[in-house]
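K.L.:
Chain residues, written in single-letter form:
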Amino acid sequence: MKQANTLPSREVAAETAAGTAIVGTAEDDVVAVPLRHPWRWVVAAALALGFVALLSSLWSNPNIDHSTIKNYAFHPRILSGIGLTLALTAISMLVSTVLGVLLAVMRLSRNPVMNAFAWLYVWVFRGTPLLIQVVFWGYLGLLYSQISLGLPFTDFTFFSIDTNALVPAFTAGLLAMTLNQAAYSAEIIRGGMLSVDTGQHEAAYSLGMSPAFALFRVVLPQAMRVIIPPMGNETISMLKNTSLLSVIAVLELYTVATQISSQNLRQVELLVVVSCWYLFLTTVLSVPQYYLERHYGRGNARQQTPTPVGRMLSTLRKGGKHHAESKGLQP
Amino acid sequence: MTDALATHEHAVGAAASPLLVASNVRKHYGSVEVLKGISLTVNPGEVMCLLGPSGSGKSTFLRCINHLERIDGGRISVGGDLIGYTQRQDRIFEMNPRQVARQRRGIGMVFQRFNLFPHMTALENISVAPVGVKKVPKQQASKRGMDLLERVGLAHLAKAYPAQLSGGQQQRVAIARALAMDPQLLLFDEPTSALDPELVGDVLDVMRTLASDGMTMIVVTHEIGFARSAADNVVFMDGGVVVESGAPTSVLDNPQNPRTIAFLNSVM
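Top to bottom, those sequences are chains A and B.
Using the working numbering, you'd call the opening residue of the first sequence number 9 and step up by one each time.
Using the working numbering, you'd call the opening residue of the second sequence number 72 and step up by one each time.
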């Protein structure tokens, strides 16, 4: 309890509350009146006032037609756009992560050819704007009207196919997002792998593990702890960046919204609908990120802290006591 | 079955040749020569302690034995096989990573900083290599892992993660992990240097038991007491060369070389 003297007032209060429950009151327990923070209330009130004023001005603006927002919030076309946005995000993230691991391993390998290739890849795809890459893949048909497989520098071909048939807008969009993301993911994964202590490699090798086995069982699982948080960010960016695919007419959420608003001329209303959806989706995405971080953090903390859901349940069960206690237990 | 194989190898080796032969091993980092021609042999079942001031090259030499460092000159062979290279007629060829990995299976190593895998429990740390590398059935590997944990006195902590164990417990798990591969040779790189003084004894006890069970061990250590009680041979290194070697009674109690005398005076 001596240490408690040096803690900020609030935690002292929590500590003593938890402490008294377990060890009873000692004579020298710190029972002080907590410091008041009047400015917090002033600032909070000012911000709340401004926020309410902004909302009400938006709401009462005669140029916004609320019924349009309501009508299109769950419109089938909007919903199908959301479906495509989610599909694009999921597939691109999955494939680009695999490519990213591959590129990261190549970049870290001693093979100079692989190393140079990975460097070149990242250089090109990270060094040019995503929007331009999207347009490029969309216009692939202008560059190569036919895509054929044959022997190089001869007239012999196995098959030949029209580019626009092989690469429809959706595929072009997918390709653009995936290849671009792979460059960023590769750098994140490489950083994660470098963060693993060299002693771990040595221990793995001294047990007779092959480089590949050591990579997948020892290095990558530990790198995940460092990789997951930025990859969560990347997923959220990806979800929003799929809106760039509107320039090549992939029918994702934003494209659908612009199509609708070009017919009913209610641009702002549809932007509100779309923004709310993006906000909702990115919020939902942060939940799996939390659990992934927790999973790969295992063995790193001496004691796993309970999940928010678990904490809520145990608070309900123990009538609010648990929270203060578990706070004291954390290292 | 793997156990039987290991004892078989022991028996054969004891009758025949030394397990480890190092001849004129040289190693340099850039222009700094850290090993200037190390020659020594270790017989099956023998415990050799490498002593010497820090920077004398003893850890580097140990790491050369399982090819964590590649040597620039000389030869190291374990069980008659050249380490890291294959010899055909009078030429030697670099091994590929898979051949090196195969060779390392027979040589266990215990590190100063334990290097347990932090994302696995104690038992998983022990069974991951037998299952993944030797293709031992999972259940059998777990059972063997529990036996080994029992042997180092930690069966009750099988499900604990390394971060939940003390340094001494982590090091004993690390020893069990090395033993799980049934190595014919066990290398210890200052196994007690990172431990709190009161935890050193537990680890040394485990090592003494291993030594008396006939495990062939090379131990880099500063624990003179351990060297005196458990070693068959003590090698004193300084400046990348072997200065003095022999039975612990002669090297530790009656050192001849002035450098050995100075070192022993400073640590005892």
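Because the hints were derived from the structure by calculation, they are not lab data.
Don't take every hint at face value.
[What the hints assert, rightly or not] Simulated restraints, written as ranges between beta carbons of each label pair:
{"hint": "1", "chain 1": "A", "residue 1": "A220", "chain 2": "B", "residue 2": "R162", "range": "21 to 31 Å"}
{"hint": "2", "chain 1": "B", "residue 1": "A234", "chain 2": "A", "residue 2": "C284", "range": "50 to 60 Å"}
{"hint": "3", "chain 1": "B", "residue 1": "L153", "chain 2": "A", "residue 2": "A220", "range": "20 to 30 Å"}
{"hint": "4", "chain 1": "B", "residue 1": "M217", "chain 2": "A", "residue 2": "P237", "range": "51 to 61 Å"}
{"hint": "5", "chain 1": "B", "residue 1": "A234", "chain 2": "A", "residue 2": "V295", "range": "24 to 34 Å"}
{"hint": "6", "chain 1": "A", "residue 1": "R325", "chain 2": "B", "residue 2": "G126", "range": "58 to 68 Å"}
[Claimed, not checked] Far from chain A by the CB rule (all over 12 Å, computed), these chain B residues:
{"hint": "7", "residue": "L139"}
{"hint": "8", "residue": "G150"}
{"hint": "9", "residue": "F164"}
{"hint": "10", "residue": "A172"}
{"hint": "11", "residue": "M180"}
{"hint": "12", "residue": "H190"}
{"hint": "13", "residue": "E195"}
{"hint": "14", "residue": "P201"}
{"hint": "15", "residue": "V202"}
{"hint": "16", "residue": "A245"}
{"hint": "17", "residue": "D260"}
{"hint": "18", "residue": "V271"}
{"hint": "19", "residue": "S316"}
{"hint": "20", "residue": "G317"}
{"hint": "21", "residue": "I332"}
These numbers were taken from a predicted model, which means no experiment stands behind them.
Positions of the beta carbon are idealized from the N, C-alpha and C atoms, including for glycine.
K.L.:
Hint by hint, note whether the structure agrees.
P.N.:
Results of checking the hints against the structure:
| no. | hint | result |
| --- | --- | --- |
| 1 | A:A220 - B:R162: 21 to 31 Å | holds, 29 Å |
| 2 | B:A234 - A:C284: 50 to 60 Å | violated, 43 Å |
| 3 | B:L153 - A:A220: 20 to 30 Å | holds, 24 Å |
| 4 | B:M217 - A:P237: 51 to 61 Å | violated, 36 Å |
| 5 | B:A234 - A:V295: 24 to 34 Å | holds, 26 Å |
| 6 | A:R325 - B:G126: 58 to 68 Å | holds, 59 Å |
| 7 | L139 | violated, 6 Å |
| 8 | G150 | holds, 14 Å |
| 9 | F164 | holds, 18 Å |
| 10 | A172 | violated, 5 Å |
| 11 | M180 | violated, 4 Å |
| 12 | H190 | violated, 5 Å |
| 13 | E195 | violated, 10 Å |
| 14 | P201 | violated, 9 Å |
| 15 | V202 | violated, 10 Å |
| 16 | A245 | violated, 8 Å |
| 17 | D260 | violated, 10 Å |
| 18 | V271 | holds, 20 Å |
| 19 | S316 | holds, 25 Å |
| 20 | G317 | holds, 29 Å |
| 21 | I332 | holds, 34 Å |
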